[in-house]
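Peer 1: What follows is each chain in one-letter form.
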Amino acid sequence: MRSTSLLTYNLSLAMQSFKRAPSLYFLIILTLSIGVGVLCANLALVNSMASDPIPEKSDKLIHISMNTWPGERPPDEPMHILRYRDAMKIAESDIPKRSAVFYATGVYARDSESTSMKRFDSDVRATTPGFFELTNAPFAYGAAFEKSSGMEVVIGDELNQKIFAGKNSVGKTLELDGELLTVVGVLKPWILRPLFYHPTEGRAFNLTDDIFVPLETAIDLNWSIHARSSSADSYSGVKDTRDKNAYYLQAWVELEDTKQRSAIQAYLDNYSQQLKDAGEHPLATRNVLHNVNEWLTAKKVVDQKVLAFTIASVLFLSVCIFNASSLLLSRFHAAKFEVGLRRAIGASNKHMLIQGLTESALLGVFTGAVSLVLSWLFLKLSVQFLPRLENIAVLEPSLLVLGMALSLLTAIASALYPLYRANRYTISAELK
Amino acid sequence: MNIKALLKSLLLRKFTTGLLILQLAITLGLLVNSVILAMDTNKKLAQNTGLDADNTLIVSLHPTSGDYRDLDYYRSVVSQDMQALKQLPAVESASLMNQLPINKRGMLGNVYDLDDPESVNRDKYLQDVKIFLNNEELSTTLGFELLEGRFLTKDDQLDFGTGENGNVIITESLKKALYGDESALGQETNNGRIVGVVKDIMLNPTIPEDKQYGMFGNRVMEYIFTGRYYLLKVLPGQIDKVRNQVSDTILGVQAERDIYRVFTMAEHLQRFYRHDKGLADLFLLLCGLMLFVTAISSYAYSQFHISRQKKYIGIRRALGARKKDILLYVLTENWLVYTIGCVLGSVFALGFNILLSQYISLSKPDMMLFLIASMVIFVAGTIATWIPAQKTSNIPPVIATRTV
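One line per chain: the protein sequences are U and P, in this order. Sequential numbering from 28 applies to the first sequence in the numbering used here. Sequential numbering from 114 applies to the second sequence in the numbering used here.
Keep in mind the hints are simulated off the structure, nothing from the lab. Take the hints with a grain of salt, since some may be wrong.
Stated by the list, open to error - Derived DSS-like pairs (lysine-lysine); straight-line CA-CA distance at most 30 Å:
(1) 363/U - 237/P
(2) 327/U - 237/P
(3) 174/U - 194/U
(4) 271/U - 237/P
Chain U with its partners taken away, still in its complex shape (with noise of 0.2 Å):
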């Protein structure tokens, strides 16, 4: 009881003591806020980039990069892109539990029995339908297609909102470039950051796909490679490349558990020397394979931009925190008069170190309040100067605490240094 007094005495002192000074104090929460809410806007973008987008599989979920360049100048590293042929060699592994292979692709789509002749350009994964369980991808109607070909597809929530108004559309047909396909799965909202299953050509933040296709399906119809592509031969387009040395499609399995990687690594290794023995590729046999997290750290998804500006963030602040404390100091100099008369009636050392800290503790929750908003602010304003990190500039509840945390730790940081000084005042020198 007497500590909550105590407590409820000790903020109306501090209390009091904000309304003396106004000006000062509001400069004070006014400089730590803007420190704390610039920092804490970058952690909110470092935070999200460097985020585990599928926690629960990510170390058994591995991409696969190979080198079975046939001609004579090899890339300098394994590529992450690969030929129709080695990608099958993947499929049909029984090793992994399960495999999604695929390229990014784009068509127009417009519901064929729509009168209007209105088309969204619609990104197309043509994939493998182990893809669906592989990535966890959330389905709210029907399911995913079962075998690589058919003209079947599964469409996500937003494409479905603007084409169906979000209601059922299990067994509608969708017309995609003058094709006709059923819908016979429709995805949740479903957001990776990152994007996980296909970070590289600068696609780490983009949104999942609208529209997901079988693979055979969309190399039949010829839909063009959206991503990178190499090829060591020439061909007329997608449907002329299985056979051929053209590389574009990417490749992820799921295994049982993490020590299966070495026996896939090792059946990889295996068809890669076979390849070499039959003179097919004159290279070194390397295939690499990353998991989710290695994928993701290895192609750099953090934006490098945002990094440096979080440490002129840190700086930032760390002068905001000086500032405040030299505001404290003068502020608390000032309050003298008041520090010995309350001594002098008794008051001991610890009791005004307790009643500093309630003071500098009250300073940060109006910091942390004050800050939160700021953060908020300060995020949309990034955007604007950086727009690529549009998808991922979200307020996650942890970095509110941390937002939180900072403040207060800020403010008692800040007043630390004043505080030893105000113990010091000798009672005597201050009632003369």
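Chain U is already provided as a structure; the job is to place chain P on it using the hints.
Peer 2: Just chain P now, with coordinates in the frame of chain U:
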């Protein structure tokens, strides 16, 4: 003025002085680097592209209907587009191509003389030469400057489906890489026979200026589905008028097209550097805030100091110091702090420069910048201390008698 005495008096308040010096140094360090970043970005934006950036209009578009899978239909629509666009008043020339200059990625290929395939191993940039598919009008539209031979003509367009390479023109730096100072005319490369050499234009700003390797062939009608960009050369001053007409003109020919954007070459360059510019602006914004905070600190510092020194200043006044002596005393004291701050700040600036270079590309700081940034700090600091200093000089000598 006795500097020693001033230093001694500063040492009496190590903590506050230390804080202010640190603050000044960090502010200066960041200010210098932000200005470097902003200057780097402006330099990039102002570089010579070799293009008439303000009078070139670009349309990026894509057909939306399945009919366009019939390439002959596709070609006929594009030909009509070109006709219609050329008829717009103020349009001097219209062309189409598969990729734009000033771009990092795109369609790349290796290029070597058939007699010297090894050259690709000597110069790695020869492995990533930009391969442009365009029509014969591109030279006029982009205003190419001919150095050797001739531009592409209608006759350079081959029959479709032959698989042959045909005639090409190349950029000057590619010619130098392949043939040095000798003539390139008539030479056979793995991608076609060279009939002309044009002056360099900015193809990829992220690689050196003398590595702007590009090759142009009259092949876009054959691979019509790659013709995603229409380019228009517009009479000076008419760009906005034309900009408003192009979409309607194109959709008037055939409506089933998605026109992504209509933009000038100058806007294209800006867009390429938009994130560099954004970062530079963010840094400058932060610097502004930092200067503001540091100014508050300088003010608080002098204010605090004065309130503690009232007595001594009173004594000095009583001993005959004039008002302006006191003013000078306070200001000199602050200037001393700023000087130390700026010296330390130069060290910090170098340190931050190295630190930031780990993440972004940044030029090295030069002496001039230090001086200018120090000036800014001095001026901002002096303004911030002026009022407290003025107040101090108004302390009457009688104060000396009040306290013991």
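Peer 1: All hints are to be evaluated individually against the structure, with a verdict given for each.
Peer 2: The hints, checked one at a time:
{"no.": "1", "hint": "363/U - 237/P", "in the structure": "violated (72 Å)"}
{"no.": "2", "hint": "327/U - 237/P", "in the structure": "holds (24 Å)"}
{"no.": "3", "hint": "174/U - 194/U", "in the structure": "holds (25 Å)"}
{"no.": "4", "hint": "271/U - 237/P", "in the structure": "holds (25 Å)"}
When the structure is compared with the earlier hints, a violation turns up for hint 1 alone.
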